[in-house]
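Student: What follows is the residue order along each chain.
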Amino acid sequence: MKYMNILIALSLFLFSNTGFAEEHTVGQKNKAFSVKQIKIKKGDVIHFENQDPFFHNVYSLSDSTTFDLGSFPKGESKSVTFNTPGTIPVECAIHPNMYMEVIVE
Amino acid sequence: MNTKQFKLFTMSSVLVLALLGISQIAGADDEIQMIFKAGDLSLQKWLLADKPPVPKHNYPSHERIELGKKLFFDPRISRDGNMSCATCHSPMFGWGDGLPLGVGYKGKILGRASPVVTNTAYNSIQMWDGRKRDLEDQATGPMEASVEMNTDMHAITKLFSNSGYKKLFDKAYPGEKVGPATAAKAIASFEWTILSNDSPFDNWVRGDETAMTKQQINGFKLFVDSDKGNCSVCHSAPNFTDNGFHNVGLKAYGEKNPDMGRYVQKPIRVLKGAFKTPTLRDITLSAPYFHNGEASTLMQVMDHYNKGGVTKKDLSPNIKEIKLDKQESEDIVAFMQALTTPPVPFDLPILPLD
Ligand SMILES: [Cu+2]
Chain A
1 MKYMNILIAL SLFLFSNTGF AEEHTVGQKN KAFSVKQIKI KKGDVIHFEN QDPFFHNVYS
61 LSDSTTFDLG SFPKGESKSV TFNTPGTIPV ECAIHPNMYM EVIVE
Chain B
1 MNTKQFKLFT MSSVLVLALL GISQIAGADD EIQMIFKAGD LSLQKWLLAD KPPVPKHNYP
61 SHERIELGKK LFFDPRISRD GNMSCATCHS PMFGWGDGLP LGVGYKGKIL GRASPVVTNT
121 AYNSIQMWDG RKRDLEDQAT GPMEASVEMN TDMHAITKLF SNSGYKKLFD KAYPGEKVGP
181 ATAAKAIASF EWTILSNDSP FDNWVRGDET AMTKQQINGF KLFVDSDKGN CSVCHSAPNF
241 TDNGFHNVGL KAYGEKNPDM GRYVQKPIRV LKGAFKTPTL RDITLSAPYF HNGEASTLMQ
301 VMDHYNKGGV TKKDLSPNIK EIKLDKQESE DIVAFMQALT TPPVPFDLPI LPLD
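Read top to bottom, the protein sequences are chains A and B.
Numbering follows my numbering, in which position 86 of the first sequence is assigned residue number 86; successive positions increment by one, without gaps.
Numbering follows my numbering, in which position 83 of the second sequence is assigned residue number 83; successive positions increment by one, without gaps.
A couple of the hints might just be wrong.
Stretch by stretch, here's where chain A covers chain B in the computed footprint (C-beta under 8 Å, at least three residues) [said to hold, decoys possible]:
#, stretch
1, 122-136
2, 240-248
3, 268-282
4, 313-321
No lab work stands behind these hints: they were computed from the structure.
We put the beta carbon where it would ideally sit given N, CA and C, even for glycine.
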């Protein structure tokens, strides 16, 4: 019985934590993001991976989620956890034509 | 192996080696191997479309282009009646002004060089710091700027309603209000015609083997080779610009209170001291070089890149010491000289007086 309580408490804890964060990868290739838009769940992680033979940046200056991943070369990736629901524009500062939206549900 | 067989063997291995020797250099701009042979398929991405994209809300009709040409050359648009767009963007200087920094209202020296307007209609972002989206958006800027034309908006609306201009506006933009906004659209239509897309390099890409010298072809190889010039990382196909922003380490950036460039528009660290990559088409017509004119010749530009820039603070990670020797630097300069479309005589417009 005692065990049961702990189990229930444990599972409640796990499920209330909105389940498991998923991981997604978005590439940067030919001066474009590999997707124009991506739908993810609150708490999910996106790895931005540079596949071009020169540096890219990734940033967002949106009200809810602000980040600047600096610049990184081919083969490297940097990650962002999205914790606030909404539509978040993500851009590369070096190449302003590189633009995508992350929709956090 | 008898001698005959041996001869055959050496001959075929020489052939194989020669074939491999058709230097296939991985272009810095993508992974497709470029083959440096006139007309090769792998080179076609360097050709510009005959005409730039047609703006959605401002179709460049003949009437609009003609009106825009007059406005571009009309000094009466400026407050003092002595400065037109063409003062700083003159066909006599490859649509620039030949000066290290622009010279504005009452001789005031501006903070930056006048860029060329050549091929701007192919680009997706305008100004050294990208603060304007398109040419329609750009053209009212210099009129409004107190340091540039310092235009009296009331006075030019009056100028545009003289019978000559009124007729041209009505034909170009029937039913639209005559004023600075409409004038800006017409000017954008004229700028849409200022092109450089028929250089010796273009002819070589199209298949004319004699269009470029051996030295120029070698210069092109070095230009795209990521282990040599690495230039096409930023000066990419087809307009020799990535429409992007980089700090290339100019000397001026090491001085006190430097021009922060794009960073003022977008406060992201990589943009500190970053400026837009300019086209290199018609580059021989628009010295001096860089946004402050700090290089007088293309060879000085090469010296700059060979050192990996002068000021290393906030330097673009795409800039490295390329350390080319004199011959290689000269080859790249020779290649850049092949990017100029032979100029044709330009007819100045007659301006409406009343
Ligand atoms: Cu980028």
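Student: Each hint needs a verdict: does it hold in this structure or not?
Tutor: Evaluated hints:
no.	hint	verdict
1	122-136	holds (count 3)
2	240-248	holds (count 5)
3	268-282	holds (count 5)
4	313-321	holds (count 3)
No hint from the list above goes unmet by this structure.
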